[in-house]
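**Q** Below, each chain spelled out in residue letters.
4 protein chains.
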Amino acid sequence: MVVNKIKRIGILTGGGDCPGLNPVIRAVVRTAILEYGWEVVGIRNGYKGMYNGDFIELTLDSISGILHEGGTILYSSNKDNLFDYQVEVDGKLVNKDVSDVGMENIKKMGIDVMFIVGGDGTLTSARDFARKGVKVIAIPKTIDNDLASTDTTFGFSTAVDVATEALDRLHTTASSHHRIMVLEVMGRYAGWIALHSGIAGGADVILLPEIPYDIRNVARTIEERKARGKNFSIVVVGEGAKEIGGDITVREIIKDSPDPIRLGGIGIKVATQLEKLCGNETRATILGHLQRGGSPSSSDRILSTRYGVEAVKLAASGKFGNMVTLKGDHMSYDSLENVIGRKSKLVNPNGELVEAAKSMGIGFGDE
Amino acid sequence: MVVNKIKRIGILTGGGDCPGLNPVIRAVVRTAILEYGWEVVGIRNGYKGMYNGDFIELTLDSISGILHEGGTILYSSNKDNLFDYQVEVDGKLVNKDVSDVGMENIKKMGIDVMFIVGGDGTLTSARDFARKGVKVIAIPKTIDNDLASTDTTFGFSTAVDVATEALDRLHTTASSHHRIMVLEVMGRYAGWIALHSGIAGGADVILLPEIPYDIRNVARTIEERKARGKNFSIVVVGEGAKEIGGDITVREIIKDSPDPIRLGGIGIKVATQLEKLCGNETRATILGHLQRGGSPSSSDRILSTRYGVEAVKLAASGKFGNMVTLKGDHMSYDSLENVIGRKSKLVNPNGELVEAAKSMGIGFGDE
Amino acid sequence: MVVNKIKRIGILTGGGDCPGLNPVIRAVVRTAILEYGWEVVGIRNGYKGMYNGDFIELTLDSISGILHEGGTILYSSNKDNLFDYQVEVDGKLVNKDVSDVGMENIKKMGIDVMFIVGGDGTLTSARDFARKGVKVIAIPKTIDNDLASTDTTFGFSTAVDVATEALDRLHTTASSHHRIMVLEVMGRYAGWIALHSGIAGGADVILLPEIPYDIRNVARTIEERKARGKNFSIVVVGEGAKEIGGDITVREIIKDSPDPIRLGGIGIKVATQLEKLCGNETRATILGHLQRGGSPSSSDRILSTRYGVEAVKLAASGKFGNMVTLKGDHMSYDSLENVIGRKSKLVNPNGELVEAAKSMGIGFGDE
Amino acid sequence: MVVNKIKRIGILTGGGDCPGLNPVIRAVVRTAILEYGWEVVGIRNGYKGMYNGDFIELTLDSISGILHEGGTILYSSNKDNLFDYQVEVDGKLVNKDVSDVGMENIKKMGIDVMFIVGGDGTLTSARDFARKGVKVIAIPKTIDNDLASTDTTFGFSTAVDVATEALDRLHTTASSHHRIMVLEVMGRYAGWIALHSGIAGGADVILLPEIPYDIRNVARTIEERKARGKNFSIVVVGEGAKEIGGDITVREIIKDSPDPIRLGGIGIKVATQLEKLCGNETRATILGHLQRGGSPSSSDRILSTRYGVEAVKLAASGKFGNMVTLKGDHMSYDSLENVIGRKSKLVNPNGELVEAAKSMGIGFGDE
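Which chain is which? The protein sequence lines are A, B, C and D, in order. Note that full-length UniProt numbering gives residue 59 to position 59 of the first sequence, counting from 1, and the numbers run on in steps of one. Note that full-length UniProt numbering gives residue 142 to position 142 of the second sequence, counting from 1, and the numbers run on in steps of one. Note that full-length UniProt numbering gives residue 327 to position 327 of the third sequence, counting from 1, and the numbers run on in steps of one. Note that full-length UniProt numbering gives residue 94 to position 94 of the fourth sequence, counting from 1, and the numbers run on in steps of one.
Take the hints with a grain of salt, since some may be wrong.
Identical copies look the same in the list; a pair holds intra-copy or inter-copy alike.
Stated by the list, open to error - DSS-like mimics (lysine-lysine), calculated; alpha carbons at most 25 Å apart, straight line:
(1) LYS327 to LYS345
(2) LYS319 to LYS358
(3) LYS5 to LYS319
(4) LYS313 to LYS358
(5) LYS226 to LYS79
(6) LYS276 to LYS92
(7) LYS276 to LYS79
(8) LYS230 to LYS5
(9) LYS313 to LYS135
(10) LYS7 to LYS358
(11) LYS7 to LYS108
(12) LYS107 to LYS358
(13) LYS226 to LYS135
(14) LYS5 to LYS358
(15) LYS230 to LYS358
(16) LYS343 to LYS92
(17) LYS327 to LYS358
(18) LYS345 to LYS226
(19) LYS343 to LYS79
(20) LYS79 to LYS230
Quick caveat, the hints were computed from the structure, so don't treat them as lab data. None of the values given here were measured: they were computed from a predicted structure.
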């Protein structure tokens, strides 16, 4: 009796948008069909579709022409934890564990292995399904690039490209008008996007969650530039940037926004303060969702393709309950039990990249 | 005696950033030097530099390699009306007419003709200098494309490109997450950027200053899409969009922003309302300064080059006091006396482009 | 009895690839369905599909997400003139008129009006079908922008963007290495792409079919630049450029190429000659098919959308046998009988754009 | 007495164009001036300028605004080996060792350390100068990414981006016209650009120097696609691709080209053969110099910046005679004596990336 014989796999994508999801789906489908002769079922709208039975067959045709497309043809959803899911019982909304319904649905569909692509929340559920006996292969997804278990995540390169192009645009206005231009980019806990785009886009100051800043230090860097004849400056701010000893409170003033985290964050505060301290006209731009959507960069297409192919190979070799990772230039894997809950990979304030930036005169507001 | 013989011209750029300024400067310098053998003086920082005597010689070398660059190598400034200029007198700041100082400075530099590139404010001063006897050639500049006296202004095409690319990016997120994505673009009085980028970017709803909207109409368009199986929508909002019978008040809530017009405008309000009315997660993005900076589109490079060449030819034929215009596919000109104060060219709510958009099912919130 | 009542329309695309075809299809389908309630049938692979009965229903879903895509979802074909079509008769390949088969097929499908998108060849057949009584609405397609009957054709703007970006890339190499870089762009009869991209990309010399050149004049322009301290030059060559009194013979040497027109054309000849005459290292690049494919520019998306919407409106008002045109900023139409066989719209060697380019020092090899 | 005290450094760039050269120069200048207080001298036109004494002072102003620019502000040259340099002696051109002249010149300029950026040829001379006692820090440059001594070289990422965008464009034409589109990319000895862009651009076949191909295998891959309903295919060919047991002879037919390596290489041969074998219309595009020029990608800007900063730090710590390298995510260095002559880093035909591509059904013509 062949126990592990795979005939049919399922795949779902969960959490926020991220360039590279479609290439992952494409790589999984192509490899599963062309290399192993498996059938592939797409579960739409993340775990919600697993609960509702929103399944479609994925063929080579289904994934034709999606390599360069942003988004996910399987759709995604947030707040769809089946282990704590909002359902209506006797006319009331209550949260309950409906994971068995999801498991029953994939069983009915004849799915032998579940490929789950997502961030922290999505993969925590993936681990919980693995604990309940589902054969799971996980693929990590975050544009923030802050996963400790893997060297690079897809989506990050595209986000850095978008932010760098934005800085190129802001640069001409800053220079022509002797202005300070502030760009707020994503990165709630880790400043990778800010650091990389800041270096690539020629920022003069980069503010990161990992290096608390004093706005007076920022102003001093800008004033030193003026003393050297440069009457403009570019400041990149990661959305989670923190003042030394301080908290972000600016969000309060725009609490009516539908997206308080994304709109009117720290960038506005920093711009307001710098205008007062330095006297230059200062403008803030919040890059927001522009970082998450659109065609993946060539680098992200390759990386996500590799994640997808490796995921199928892991399954073929029976290594369930694992998440695909990149280590150096090699694909690898780690147990979901290990990776869930692991601390974020943060920018090292004394690391090589920050030191290199400082050597070139880029300020971080810490001194 | 040859009265009008030109030996030396001056050029300045005023007002906000606009892709195409450097190609204009390049075209003026090349044509002046190569075709007519004139010398060219650059006045830096707009009228402020005319007052301060901030002049540089412009040679073919000065303008080498700037065709594809955003911004202006001559810098620009706002609030620099020399006819009502803030100066310090006896330790107090007072406003006075210092236009004679500016005129004296250009006279000292031997400048025979002034080429002035700018928007409303800048060109109003240009007219006033013309009235005082300065030989002026004016070149219009506005990314909003709302000048009645000319068919198209440079900068507009680039702004539409940037907004369209943003819509492409937002589209993938909207589609993958069944969201409503709202993009606020520039256009305080005229909705050209919103209309063009909305059509190019596949928007489902376009809100313009010229067509007051009712948010319930917008919501209905979105609901009709849902009825056809499309669970997401893209809404483009020109920053000057108005509710039927209403006013924009949302700016109040972010009045601490250094740039209240640009950040947290109507886009946030629309998004907030739509989330409530339609139930979809809704996100707003304010494109802001990203529309004004960066490398000009190929179309804008050609157009601004044509404006620059024509300006020099106008001067060579002695047609001072005029602004260069584009009429159909021909360069032309009109008197500064005529063009200043002329009403903006607005989107025609019953015009061909709006009708075409409506025929394709795009909503404008008016019905 | 309502004779002209339209219930169902057909659409096909013929000829070479051109950015904007998908937006045209999308606009036709959306307007037909949403504005008029018609049904739409897609004929695949041009006239070949009309002959073979290769039809598909087009719904709103069919055209979802194609606005930003190059190519055509209906596919296209060349050499598919049904009035002179290669078929097998008694085991031999013979050419015969099979237009009746095509007409019978669309009649069987209940198609009331045929929307035909294509270039010269495709629209000549469209006219011939119109003569035989088919209700035809034609939409012109050429990236060369050389149709006399309309001001601008879609695809052209994208081709110019691609060529301009190529020039930006070649510029840095030319400048860093003191080289002459030659770029060959499309335009067999008309030099619009060369002229526009040459101006937008900062070319020093532009060679067009309309202005025969002498290579010694080209070399002199380059030498004059050297005399001014510019040791590099950029030359744009339209593929149909002609020597004064001469013919293109370079194609002979690469006659084994599968695409002799596109590969190894005039650009290589010009580069070879300039390297000898000027002594600089010289390199040629043939842009080729990169100009025809890929996502349409925002401008082309708007233009092709307008063509599509107007085509449907023409049909709705019973104006069959016409081709949609753009005149100034208005959509219009002209009889297929008039437009077929009309001479190409050529660059005017003494026109405003060429004169402007010459004023800036751009050479055309004619003096 | 402090022997190694650095006061003044020189920098030159040699060899072919490569995106990232300007960011390297910028990083060296900024770090030297801002971190160490050194002066910086630019040597123009590579070793030729070292011989001719073509020096300029580089200040912070010199390198302002060049981060996003392709090319090199210091210019470059080929065939400028001062150890075997063509000079005129008694009216005849002879080759001789003029390295002493170069050394004398940099000594006169007070240059303590030479920073030399270039490829194989340039760095071989760098080693030879090091052997003669010059304090040299070398920075590797090749878009081919085939240096064994470092993990990644700058320029490669941009080349892959350009090739991928070209594939995206060709894809729409291939698909719309049922064509085979062949793209020839750079890579004389190593197929990294072909492999990466092929995966990122969705190629169906990738031909590399490292994996000799049989055209019949290529045709079979294409026929298998047809059997699955895909009537088009995309083939990427590295310029050094080799037939099994064969040689490239196609270059012969275009030997009149000024750039025989670049124009009309293997891509045309492959296209010609595939058209015959498969019957589809087939077109070849030679990407050529478009891969070498233009604005560096964000990734290349970061990488080249890191190389530049590290080079200065190496000098500051007295580690002369070394080349900067990237190992994993850390900058490192290796002796010029070691790195010169080391075999190229080739694509592993049985490596992870090729295997992943094969798993997805991409053909390499080897089976």
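**Q** Of the numbered hints stated previously, which ones are contradicted by the structure, given in increasing order?
**A** Going through the list in order, the structure violates hints 8, 12, 13, 16, 18 and respects the others.
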